[in-house]
Amino acid sequence: ELILDQGAIVSPTVNRGWRRMLDNKDQSLVKRLRHAYHSMWDLGVPFVASTDAGIPGVFHHHLPEALDVFARIAELNPEQALKTATSGAAEALGIASISGRLRAGLAADILVLDGDPLTDLAALTRPVGVWARGLPVVMP
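Numbering (the working numbering), first residue to last: 1 to 140.
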């Protein structure tokens, strides 16, 4: 409740390496994290998807995999998890009036995927096209 009362934002910095916790026979840490995330989520504490990119072995392009891991640990459905990386993040950062949603008049980059991330977050790892500032980005 203190986190909510202080107006704090939770940025769990989950990276794809956390997947090991999900595969571990000892699920005690996952259970503790899950309880903490549920408690905060249920109170309405805002979450922002993050990875701690910049530390050794963690890169910005790992976010799609990390988002899936976070959703599994926190038991969020794909829509809830996506919100932590899009509109919810924009709201938490105070930029929802200019970004975070596909809406006329807002700044937006477009990611076209092979699959539906609302049913399968792994679709985020299968981009087929990207448009930034209205221009196509050359895919490697």
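Be careful, since some hints might not be right.
To be verified - Derived lysine to any residue pairs resembling SDA-like cross-links, with alpha carbons at most 25 Å apart: (1) 31 x 97; (2) 83 x 8; (3) 31 x 10; (4) 83 x 25; (5) 25 x 77; (6) 25 x 3; (7) 25 x 6.
Treat the hints as calculated values from the structure; they're not laboratory data.
Cross-check of the supplied hints:
About 36 Å separates the Cα atoms of residue 31 and residue 97, which puts this hinted pair outside 25 Å; it is violated. Under the criterion of a C-alpha separation no larger than 25 Å, the hint pairing residue 83 with residue 8 is consistent with the structure, at around 17 Å. Our distance criterion of 25 Å between C-alpha atoms is met by residue 31 and residue 10, whose separation comes to about 18 Å. Note on residue 83 and residue 25: the hinted pairing is violated, with a Cα-Cα distance of about 30 Å set against a maximum of 25 Å.
Annotation: proposed proximity of residue 25 to residue 77 holds, straight-line Cα distance about 23 Å (limit 25 Å). Using a Cα cut-off of 25 Å, the hinted pair residue 25 and residue 3 is violated, with the two alpha carbons roughly 31 Å apart. A hinted pair counts as satisfied when its Cα atoms are at most 25 Å apart, and residue 25 with residue 6 does not qualify at roughly 36 Å.
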